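Novice: Generate the whole structure from the sequences, applying the supplied hints.
In the order they appear, the protein sequences are chains G and H.
Per the working numbering, the first sequence runs over residues 500 to 705.
Per the working numbering, the second sequence runs over residues 184 to 491.
These are computed hints drawn from the structure, not numbers from a lab.
Values in this document were obtained by computation on a predicted structure and should not be read as measured data.
Glycine residues also receive a C-beta, built at the ideal position from the N, C-alpha and C atoms.
Incorrect hints may have been included.
Taking lysine-lysine and the DSS-like style, the derived pairs with C-alpha atoms no more than 27 Å apart in a straight line are [unchecked claim]:
hint, chain 1, residue 1, chain 2, residue 2
1, G, 502, H, 451
2, G, 566, H, 360
3, H, 448, G, 502
4, H, 463, H, 266
5, G, 571, H, 291
6, H, 463, G, 675
7, G, 563, H, 346
8, H, 448, H, 261
9, H, 261, H, 463
10, G, 566, H, 291
11, H, 360, G, 563
12, H, 346, G, 502
13, H, 463, H, 451
14, H, 451, H, 263
15, H, 451, H, 346
16, H, 360, G, 502
Label pairs and their computed distance ranges (CB to CB) [said to hold, decoys possible]:
hint, chain 1, residue 1, chain 2, residue 2, range
17, H, 467, G, 631, 24 to 32 Å
18, H, 408, G, 631, 17 to 25 Å
19, G, 564, H, 281, 29 to 37 Å
20, H, 475, G, 645, 29 to 37 Å
21, H, 232, G, 613, 45 to 53 Å
22, H, 489, G, 696, 28 to 36 Å
23, H, 264, G, 631, 37 to 45 Å
24, G, 610, H, 360, 26 to 34 Å
25, G, 562, H, 408, 29 to 37 Å
26, G, 630, H, 408, 19 to 27 Å
27, G, 580, H, 382, 23 to 31 Å
28, G, 536, H, 269, 43 to 51 Å
29, H, 232, G, 541, 26 to 34 Å
Computed, partial: chain G to chain H, Cβ under 7 Å [unchecked claim]:
hint, residue
30, 521
31, 548
32, 612
33, 680
34, 687
35, 689
Residues per chain, in single letters:
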Amino acid sequence: MRKEVPLIITFLAGTFFIADYFIPHSGFSKMAESVNGWTIIVIAFSYILGVANVARVNLDQIQKGSKDKFYKIILLVCLFFMSIAGIVWGIQGGSVFDWFFLNVYYPMQSTMFALLAFYIASAAFRAFRIRSIQAALLAITAVLVMIGRVPVGEAIWKDFSIFSEWIMNVPQLAGKRAILIGAALGAISTGLKVIAGLERTHLGQD
Amino acid sequence: MKVDDYLVRRGLRKFKRIRAWAFAAVIWLWQSLSVLAQESPLPQSGSTSDFRWFDTHRWNVFLALVIIFFLIIYFIEKAKQGKNLFVRRIAGLDAIEEAVGRATEMGKPILYVPGIDDMNNIQTVASMIILGNVARMVAQYDTPLIVPLRMPFVLPVAEEAVKQGYMAAGRPDAFQKDNIRFISDEQFAYAAGVNGIMLRERPAANLLLGSFFAESLVLAETGFSTGAIQVAGTANIHQLPFFVVACDYTLIGEELFAASAYLSKEPKLLGALKGSDYAKAIILLALIIGAILMSFNIDWFKNWFFVE
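Specialist: Structure (C-alpha cells):
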C-alpha cells in the first residue's frame, strides 16, 4: 500500500487535469478550480514544514557549536521577529513588517540581483575566449549582434541592425525552437510516465 | 495455527484498508457528479456556461497525445521483450558519476540544487527523479549530499527521494535528514543561501538540475569560483547559455528528462525514451512537410496544428 496509494493518487490527479484541458463543461471546470484550491491550501501548510526544517537544522548547528553559529542565530532571530511582526502588527504599508521589508530585505535583494552584472561580465569573458571553431563562431556572432544593437553599428553599415535582427530571428530562433520542441516532448513523456506509474524512482525500488 | 491467524488478521486489515479507499473514491465520484448535476441542463441566453464534454478545437492536441502515448507503450513493450534500445551517450549524465567519485576522493560533500520552481513544474519532478538516482549513487560511497530547497512543498518529496535512494543502496543509516534544507522561498535570498553553502562547505561537485531563472548565473559562477565540478541542466532556454558558460557539463532541454532512463538503464524507462524520440521524428517530418507545402502557399496542413 505504501507505493500503490501514491500511484493511484498520481494517476487520478494526472488524468483529471489532462481531462480538464479537453473538457470545456462548466461543471467540470468548476470542479478543477476547486481541486486547484485544495492545492493552494496544501502548499500553504507546507510552509510550516519549511519553517520547522529551518529551525531544526539551524538550532542543531547552534547546539553543536558550529563555527557559523552566529549567522544561524541571526537567521533564527530574523525569522521569528518577522513572523511575529507580521502576525501582531500586520503586513500593510507603514507597518513594522513593511518597514523592515522595504529597508532591509529589499536593498539586500537588489544587491544580489546587481551582482549578476559582474557575473555576466566574468562569464562572457570566458565564453568569448576563442579556443575552438565553435567558440570562434560564437564570439563572431555575438560581436555582430552587439554591434548591430548600438548606434555605431548603423554608422559602420546602415543595415547592420537589420542583419543583427536576422541573426536573432532566423538561426538563433531556429536553434531555440529545436531545443523547445525536444524539451516539451521530454516533459510530456515524463508526465505520462509519472501518471501511468512507469516512473517510480522517487517512490523507491520495487 | 498462530501464523495462520496472523495472516488472516493481516489479510482482513488489508481488505478493510482497500475497502476504505474504494469507499472514499466512490464518495468523491458521487460528489463530483453532484456538482455536474447542479448545472442547468439548458444554457440560458447570454449565459457563459458550457455544456460540451469535448473541446473539438483541441482534437489535434488530443490526437498528438494519444500518438505519443501509444509510441511510448509500444517501445516499452519492445524493451520488455528484450530488444536492445540504443541511447546516445550523454556526457553530462556520465559526468554525474564522475562528480560523485571526485567528491568521494576529496572527502567533500555534493551539492544538489533542484531548481527554484514548485512541484507543479515538470522539471522539478524530473529533478526529483534524478535526485533519487544520485542519492543511490552517493549512498554507495558514503559522501554527504546537501539539497537546498526554495519551495517548502518540494521538501518532503526531496526527503523521500533521498531516503529511498539510500534505502535502495542498502544504506538507510547513512541518510542525514538535516542535509535536506529549506532555505527561503524568496528567489535571491535562496540564491544567497546556496552561495553561502558553496563558499562555507566547499562542495566538490555542484549538480544544478531543474528549473532556474535569473539566479542561474549567480549560482553557477559562485560554484565555478570554488573550483567544484559542475553539472547543470534545465529546459528554461534563456538560462542555458549561462550554464553552458559557467559549468563543466550542461544537460540541454530534453536531456534533463532523459536522465532517469539513462542513469537507471531500466528497460521500461528506456522504452519510454525511445517512444518520445520517435514522436520527435514525427514532428520533424511534419515540419518538413509543412515547410514544403507553405512554400507553395498550401496552408491546410499548417492549419491542422492550430490550437485555439
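Novice: All the hints need checking, so say for each whether the structure fits it.
Specialist: Verification of the hints:
1. 502/G with 451/H: Between residue 502/G and residue 451/H the Cα gap is close to 18 Å, so the pair holds against 27 Å.
2. 566/G with 360/H: 20 Å, holds
3. 448/H with 502/G: Holds, because 21 Å separates the two Cα atoms, which is no more than 27 Å.
4. 463/H with 266/H: 21 Å, holds
5. 571/G with 291/H: Given pair residue 571/G, residue 291/H holds - Cα atoms ~22 Å apart, limit 27 Å.
6. 463/H with 675/G: Roughly 15 Å between the alpha carbons, so the hint for residue 463/H and residue 675/G holds.
7. 563/G with 346/H: 24 Å, holds
8. 448/H with 261/H: 15 Å, holds
9. 261/H with 463/H: This hinted pair holds, its Cα atoms lying about 18 Å apart.
10. 566/G with 291/H: With Cα atoms ~18 Å apart, residue 566/G and residue 291/H stay inside 27 Å; holds.
11. 360/H with 563/G: 16 Å, holds
12. 346/H with 502/G: Given that 27 Å is the threshold and the Cα spacing comes to 14 Å, the pair holds.
13. 463/H with 451/H: Satisfied, since the Cα-Cα distance of roughly 19 Å is no more than 27 Å.
14. 451/H with 263/H: OK: residue 451/H and residue 263/H at ~7 Å, within 27 Å.
15. 451/H with 346/H: 23 Å, holds
16. 360/H with 502/G: 21 Å, holds
17. 467/H with 631/G: 24 to 32 Å: 28 Å, holds
18. 408/H with 631/G: 17 to 25 Å: 24 Å, holds
19. 564/G with 281/H: 29 to 37 Å: 36 Å, holds
20. 475/H with 645/G: 29 to 37 Å: 36 Å, holds
21. 232/H with 613/G: 45 to 53 Å: 51 Å, holds
22. 489/H with 696/G: 28 to 36 Å: 33 Å, holds
23. 264/H with 631/G: 37 to 45 Å: Holds, since residue 264/H and residue 631/G (Cβ atoms, about 43 Å apart) stay within the stated range.
24. 610/G with 360/H: 26 to 34 Å: 32 Å, holds
25. 562/G with 408/H: 29 to 37 Å: 31 Å, holds
26. 630/G with 408/H: 19 to 27 Å: 20 Å, holds
27. 580/G with 382/H: 23 to 31 Å: Holds - the Cβ-Cβ distance for residue 580/G and residue 382/H, about 26 Å, lies within 23 to 31 Å.
28. 536/G with 269/H: 43 to 51 Å: This hint holds: roughly 46 Å between Cβ atoms.
29. 232/H with 541/G: 26 to 34 Å: 29 Å, holds
30. 521: 6 Å, holds
31. 548: 5 Å, holds
32. 612: OK, holds: residue 612/G within 7 Å of chain H, min 6 Å.
33. 680: 6 Å, holds
34. 687: It holds, given that the least Cβ distance between residue 687/G and chain H is near 6 Å, below 7 Å.
35. 689: Interface hint status for residue 689/G: holds (5 Å vs cutoff 7 Å).
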